[in-house]
Structure formats: structure tokens, C-alpha cells
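A.B. asks: Sequences are here, hints too, so could you generate the full structure?
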Amino acid sequence: MRDTQHEKTERAPTDEAFINKTHSHTSAIEPIPHQSTLLERLASLTTGYTPDSISELKEKTYFDYPAVKAPLWSWEIIWYFFMGGLAAGSYVLASIATLFGKKEDRIVARVGYYASLLALLPCPPLLIKDLGRPEKFLNMLRVFKFKSPMSMGVWGLLTFSGFSGITAMVQASHDGLLGRWWGTRLLSRIPLKLLAIPGSIFGVFLGGYTGVLLTVTSIPVWSRSKMLGALFVSSAFSTSTALISVILRIIGAPAKTLYKLEKIEWANMLIEITCLLTYLRTAGRTAKALVGSEPKEQGPTFWTMMFGGGLILPWLLQTLMLIAGSKQPRQHTSQGQPTKRGGMGLLVSLLVLMGGYFLRRTVVNAGHASSADARTTLWNARR
Amino acid sequence: MSDHNGQVSATPITERVQQLTQLLAPFKKEKPLPEQPKMGFFTDTSLCIGCKACEIACKQWNQLPATTPEWTGTSYDNTQSLGATTWRHVQFIEQIERRIPHVNASDEKVLKLPLFEMDTPVPQMGMDLSALPELAGTPTGTALPFFSTDRWLMRSDVCKHCANAPCQEACPTGAIIHTEFDTVYVQQDICNGCGYCVVACPFDVIARDSEGDGQAHKCTLCYDRLKDGMKPACAKACPTDSIQFGEVEQLKRDAQERLGFLQERGLTDARLYGADDKILEGGLNSFFLLLDEPETYNLPSNPARPSNHVLPTSLGVIVTAAVMGLIGTFFFKQE
Ligand code: SF4
Ligand code: SF4
Ligand code: SF4
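The listed protein sequences correspond, in order, to chains V and H.
Read in order, the letters of the first sequence correspond to residues 1 to 383 in full-length UniProt numbering.
Read in order, the letters of the second sequence correspond to residues 1 to 335 in full-length UniProt numbering.
Derived from the structure by calculation, the hints contain no laboratory data.
Positions of the beta carbon are idealized from the N, C-alpha and C atoms, including for glycine.
The hints are all genuine.
Interface residues of chain H toward chain V, partial, derived using beta-carbon atoms under 7 angstroms:
1) Phe27
2) Thr74
3) Ala170
4) Gly174
5) Cys194
6) Tyr196
7) Asp204
8) Glu295
9) Thr296
10) Thr313
11) Ser314
12) Gly316
13) Gly328
14) Lys333
C.D. replies: Okay, here's the thing in C-alpha cells:
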């Protein structure tokens, strides 16, 4: 049932009679005094749109039947978006560490390149499983289409897989994981820095194209704002920074490196918050499917697991930790970096990972809710 | 996949070769067929009587299975929407008392309806009914029944065969093409059911047959019949010529003429949908004459063309990634 605003909008009595007659089956016509909940107020504040059932009822539709088809995508795509983002972001972060890091930051590069390949491995099977005819997936390689993000995505994923695979092999042969024979000697001669730059470009592509893919559709919540790509790439960066710091906090790493990662994570989260708020504001009414609390709308999950628990809370915790950390004098030891494990940072990073997963999940599921909302679809097409 | 599955593989080598050629067949680029005049539909909803002959004719000709019947309880429309096995769909829109919000004496445009003027008594309990004149019981001042503005709009919906078809632009396998008749066609041997066209279409048309072959389906504009110089099955079956098939240019001229005729007779709300180049920047090869706003028929009045979103969204990705990359670099460089 639609919620009703208590502020009555100006409307002619005849119109109300008309609405009452044509929609007598919907009982929530009389504005029920309604205390808007915290989530509803948050939704209005961030999107700049307050659902107004009276004026929405006046909009014409055909029996409220959906005006666009529901997406077919579900958990496979959600996990693909999440894992693809991790693979892309880890690669880029590892490359930045390789190119600009100090000696003690090597561990970030090492962990990042391995994590990137590992996160990438489930992606192709997930994508293939999602097809209606998985055995025909090779047909994707028939064409190369700039206008189709899915076509570009397949080629981008393929290229990035190549870079991620080779880089991880080079890293492994540097680390002596592949044994010592002529093959590894050859591999370890490939300079990582040469791979890092083109690989990172494709990494950014993989992290961001998923958002573009959703935007290039007719689903209102995905396509109205043009910020979904930026939002997804920022989440790819922040989740993969979190992933790497989780791994480093488990295996142990130089305190200095961890401190750098903390600062990067803090900045990444700040950018993600900015992207998210810009997205919500530019999506306006169409964002209802993501932030609203009606049945099928993703609001409750979005606000608790993503925005609150997965972004704002870890960001605040990180801020506090950084303030507390900067007050403590850092001991500089010339040899033997102090290694660190565990700590609050672990919690922060885990929260960020959770938020990243729920971002993909609520956005994809919001597409389903949005496609079912004929009034918003038709409103969106009025432009 | 192979029609040789049943045979005992007496010649394994030739079978292998056959399998390989089958696997590679979708990669072969064929020469485009010679251009034909653009073909399309002009669906004149003012003529539609809601008989659903088109729905059935389409199912029969294309051998589409029936969908599970479901009573909607909203109207005579129990089909509800187009789908993977429903390529024509007839809508029923009941407009009862639609003029009520417009009752406004100063408004010149309001249709002046002939009203009852006889001051006849309304029948009441205990009254001698034989004393009442005929037509009693119709309250004074109401419209004569045959001038009622209540109406039933009917429309046979179908794929719009968009000149710039979002489904075609989205398709990552190139399964969706514009044929030599400029109609939009899904090549079933190529489609792998990725479902991107389904969310790209702004008109709720193309769908994946998830219970069936897992591929995307929609109206083919009877490509097979067109090749043989025949009218599409739905147009052939339509008893009122509400569905008119022909060359798009000619149809558009006919549509303008019909619109003028209807407007002259007072149907000022009548309009064409998709006959000009505005919708999706190129118009629709299968367009409509509507009697009310497009939204009444669940049609988007000015849908965005999804492929236009590629550049601005990608720009957002690049800027954000650059900022984040610089921040990462800055912090890593720090002592
Ligand atoms: S109406 Fe939909 S399915 Fe038909 S051509 Fe246009 S985009 Fe494709
Ligand atoms: S489902 Fe088939 S026709 Fe539709 S976009 Fe995917 S490959 Fe193309
Ligand atoms: S043109 Fe052919 S395929 Fe399309 S709706 Fe008519 S009968 Fe069906």
C-alpha cells in the first residue's frame, strides 16, 4: 500500500472524486495521518523527492502493469559485480604500490596481484551460468560493439584476465612460488612496471563498466542518473583496499604500510560517499526503488547494510582511528619494520567489504522493483 | 545441436569437421541482402474492436505456445503484456466518467453534450409506475446514452521495430539485426540468452523464454512471410484494418490523413505515436494512432535512448578513477 503524506497538496475536489471513483480498489486514498519513519526521511533528504501518493495516483498508466520488462539478473550478476570490482581494484592498488610505493610497500603489490587473480577466477563461470544458453557463450566474441557495454565488457574482461594472469605469474616467479627453471627465469625478467600501466587501465574499465552496463538500459533506477559507473568504480577501489588490508592484517605487515592503507581507505570511502550521494540526488524519484521502504523496494537493506553499516560507520571509525593514530608519536626504526596484525582496522575493512557486496545487491534488486513501477517509468520517460 | 546426434559415428573425422563448422558458423560474416523498401505497421487504435484475432493469428502462424491463462480481474485483457511467446497483445482501457474533472462552464473546449431536459419524476417507492412516462428514471441533466463520453479504448500492441532499436544496440552477440526491410529481427541461431536486450527495450517488448529455449524472442514482423511477399499474419487477420501493413513512407502519409480526419470530427486528443523522428531519434517503423495520451496505453512519451548514456557514464568512471588513483599515489609516496 502506498504511503500517504500528511502535508496535503493543493488539489481540486472534483479531481479527488475522480480518483476515488477510478481507483476505488485502492483503499489508501484518504490521507492517513502518517508519521514518516527515519528511513523515509533519509530517502527524501538524499534524493530530494518525497513520495506523494495523491499526485502519483493521478498519473495515467495501464492498470499499473509494468511499462518495462523486469531484469533477468540475480545472484550470479551480483557476485560477478562484486568479485569483478575486487579483482579490478586490487590490481590497480597493487600497481600503484609497485610504481610509487616504498620498499616496505612491496607486500601490497604481491598480495594485490594474487588477490586480483583469485577474485577474477569465479567471474567467467558466473557470467556464463547467467546466460539463457550457457553453451553459446562464445557467440559473445562474434562482434565488437562500442555502443553495447556488455560487448565491450566481455572484451575488457578477457584482456584484463590476460594482464591479471600474466602479472600474477610474474609476481609468483619473483617470489619463487613456481620453482626455478627456465620458464620462471623468463617470466621474472618481464618488468612488472611495464604490465602495471596497461593492466590498470583495463582494471579501471572492469571496475566501472558494470555500472555503465546498468545505466545503458531502460530501467529507471539504473538509467536516470549517470553516476552509477562512478559509484561502482569507487566501490571497487574501496572494497579492494579493504580486502588487501584484511589479508595484510591476517598475515601481518609493516605498520607503516598499514597506516598508508588506512589513509587510502578513508579517502576512498569519502569519494564513494560523494558518488553515492550524487547518484541519489541525480536519480531523484527513480531512486525510490533503491531507498524506499515499500514492498520490494530495497530501502531497509540499503540503509542498514550498505549506507549505514557498510559505508558511514566504517568511515567514521576510520576517521577516529586516524585522529587517534596521528596523536601518537610514530617510532621510526631504521632496520626491521615493526609488523602489525589484527586491530580495529580489520573490523573497518570487513564492514567496507560487506557494504560493497550490499551495494551491488541492492542496486541490482532495485532494478527489479523499479521495472515494476509503471508510474515512475512513465514519469522518467517524460523527461 | 547437431542433427546427426542419432547416427552412429561411422566417420568420426567428418563428424568432427562438421561440428567445427557448426561451432564457427556464427562467426562467418555474410554479405548483406539487397535493400528493400522499409516495411512496417500503422496500428490505428480508433478502429480496433478488441477481437484479439491478431493475437491468435500470430500465435498460430509462428507456432507459439499458449501462456497459462490467468484472470486479471481488471478488464477483458487477460494477456497483460507482450512476452517471449506473445508477440501481439490487445489492451482494453475503460474510461468511465472521464470528463468529470473537466466540468467547467468557462472552458470553451468542453464537449457540450445533449442532455435530458424533460422534468420527469424519479420513480419512488409506492408510486404508480404506470403513470410514469417512458425513459423515466434517467435523471434530468444527464447525457443521452448515445452521446456518452464513456469509452473503451483498445490497442493491439506489438514490437515497434524502432529505427534506432535499443535492443539491437545492446545485443552483445549481434543476434539482433535490422533486416533488408528495416525490421528488427532476432537471429535465433546466434542469441545466447544474455538478457541485455530485455532491459534495453523501452517498450516492454522483447523477453527471454526462460521456460523454453532460454533465448530472446519478439515479433519478427513475419520475416518469413515478407520474404515470400505476403502480409504479416496479424495484419491479414485484422477484420477492421486497425493493423495496416505496408511501406513505412506510405503508411506515415496515410496516418497523417487519418489523424486529420479524426481531429476534424472532434477527436482532438487523437495523436500519432512514433510517426515522426522524435521517439528514439529516428521514429518507429511500427507506429500507432492513439486516442489519448501515450501514458494511458503504458507508452513512454519520450523514452531515452540507452546507448546515449555510454559516454557520460564512462566519463564519470574515468574522472572518479583518476581522482582515486592520484590519492592512492599520493599516500603511497608519503614517508
Ligand atoms: S520495441 Fe523493443 S524489442 Fe522492438 S525494436 Fe524497439 S527496442 Fe527492440
Ligand atoms: S538475449 Fe540474445 S538477442 Fe538479447 S541481447 Fe542477449 S544475445 Fe542479444
Ligand atoms: S508481424 Fe507476424 S510475428 Fe509480428 S505480431 Fe504480426 S503475426 Fe506476430
